[in-house]
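Same order as they appear, the protein sequences are chains P and X. Residue numbers 39 to 405, in the numbering used here, belong to the letters of the first sequence in order. Residue numbers 39 to 405, in the numbering used here, belong to the letters of the second sequence in order.
The hints are simulated quantities; they were obtained by calculation from the structure and are not laboratory data. Don't take each hint at face value.
Which copy is meant is left open, so a pair is good if it fits within one copy or across any two.
[What the hints assert, rightly or not] PhoX-like mimics (lysine-lysine), calculated; alpha carbons at most 25 Å apart, straight line:
hint, residue 1, residue 2
1, K152, K358
2, K287, K214
3, K391, K401
4, K139, K152
5, K358, K79
6, K51, K143
7, K79, K287
8, K210, K124
On a predicted model such as this, the values are computed, not experimentally measured, just so you know.
There are 2 protein chains.
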Amino acid sequence: MSLIFTIAATDGKARLGSLSTAHGDIRTPAFMPVGTAATVKGLTPEQVEATGADILLGNTYHLMLRPGAERVAELGGLHTFMRWNKPILTDSGGFQVMSLKDICKMTEEGATFKSHIDGSTHELTPERAMEIQFLLDSNISMVLDECTSYPATHAVAKASMERSMRWAGRSKDAFKDRDGYGVFGIQQGSMYEDLRIASSEALSDIGFDGYAIGGLAVGEGQEVMFEVLDYAVPALPDDKPHYLMGVGKPEDIIGAVRRGIDMFDCVIPTRSGRFGRAYTPEGEVNIRNACHADDARPLWEGGIGPGADYSRAYLHHLFKADEMLGPILLSWHNLHYYQWLMHGIRDAIAAGKLDAFEQDYLKNLNQ
Amino acid sequence: MSLIFTIAATDGKARLGSLSTAHGDIRTPAFMPVGTAATVKGLTPEQVEATGADILLGNTYHLMLRPGAERVAELGGLHTFMRWNKPILTDSGGFQVMSLKDICKMTEEGATFKSHIDGSTHELTPERAMEIQFLLDSNISMVLDECTSYPATHAVAKASMERSMRWAGRSKDAFKDRDGYGVFGIQQGSMYEDLRIASSEALSDIGFDGYAIGGLAVGEGQEVMFEVLDYAVPALPDDKPHYLMGVGKPEDIIGAVRRGIDMFDCVIPTRSGRFGRAYTPEGEVNIRNACHADDARPLWEGGIGPGADYSRAYLHHLFKADEMLGPILLSWHNLHYYQWLMHGIRDAIAAGKLDAFEQDYLKNLNQ
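Hey, can you work out the whole structure from these sequences and the hints?
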């Protein structure tokens, strides 16, 4: 196989594993910080690595437009370009392209769209999406899929899912197989069980190194998302990693791991950090609130990273004074916090105590 | 003495020395990065320390308004607040206050002004400037002085200088003497030799731990500045550090060291870095220029810090994509570069080769 996935322990549906790539191993369940434009916003690669992240996510849409996939390839690939020598997963670009709406035209062939930067016209087909991710030297390429609108009728969701499955086949055909690199299929089907199962069967027939669940975290809420995961994850091949795209808050991640998810990505820790919101074991903290102005306590007592090192008063001051270091430190803190969470989840699975871990986590939040 | 200054070697008027404070020693000639609002913009204290900086400058005006000197004192002082455990020098706040013009009223007692943040009224007298710097726990306090307009007639410059000397005396009286802490006087007198000499005599009579030269770097140009330094520095006591405020570009610093200056501060490295301008041994580089888009070479071949680690193409991309990491890395590079320059200057003085060092430096620039 192109990527080797091993499962070391299970706890209910949750799995403790490792995914081996040409740039190193990814401990799963894993959280992938988002490095949209070849940078995790505000942080050096060394700072990101210090959080314990094993893998980053890059956005094909942004990188294809600027600096351009061919340019990144000329410069040695994305790892060299951004000085991140651990694994990288790239999305297919489809999600961003299809968000453009008015300036994106969809056909069976693929998507034609105008750049938000200079208005130039670009094409994104399953084959081009694979080529771009090859040029970027991404360890894990994602197939191009159609993003089903939400909510969608069964008929609309079915037609959209079926197109995505045809594109999945074309993506797999276009993927250049090589050691330490792989391609993931993406399950679609909106909130319909029969469609999720049909999608899984289609992907399984094609055969992928991993399977993502797409079309969630689109506003359906945690309860509905968990209901879908209850039937969507068991439909996927057991022996491959399961990746829930675009999720989520700490509670979402714990619940999804309990339902068999191995990989996550989300902008929440960095985006929230930029706006002054921090995650802690007690819940979310808005550091801009005046109550922090004289508080000498650290944000994260007994924790790791800048949340443990700096006082709440100092972080509050940085945000009030609109200083860059505020967003930097809170983004960094949140990434430390997320990796600490994943570490705790992995330890809990190894010990067979994930249920208790979740209960403790939620109880602390409610205090 | 409150601060101990030792001179280890001289080369012409240039001096190699060390200034000992309660928070450690400052190797001189020294460049002080500016940490206006209790942060060097965009950088963690660890990153600043990695550049080799021995001392930071903080701005009394900004800190007295936000977060407030009394609050910083409650939180353990500026070192603890911003997690910088090396020496800190603070300015008196006068320069910023007097830049407010329309909302600042000056009398013999001091300045009354309105906050740019919330419009509240504040007073800054020589005594209050000392009190604020004491509350901040600044290792080196600066006397409050009047910023003479430029250009100024001899009569205006004389009256202004004489007020500054009266304020210097009040500042010294208000300064709380303690081991490892000191207060510097500031020479004024615009571009008039007799006034600079009179000012030095007045300061010397009061007696300070160090002597600054104020009222330069106000648009007079390098040639005039050097002319003033030629007579202004020899007028200062020899056995104390000489600090040229607000200077400057690398060439300005080398020329001022040759004229007997021991300490510098300037926003140039961080401000230029935020706007995409980098200093290198070959001169200034505007990383936004299109010529860098495909350039895999580092910004600073054989150098230290991020300029040596990242390609020009990547740095260019970060600025084009408006990513925070661009300003961060170039600010950091420039601070590395400035400390590397100071290191080279100190080595050259020790070897008695500062003239050759300057010639080589200027020759490289012209290539």
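**Ascending list of hint numbers which this structure does not respect** = 2 and 6
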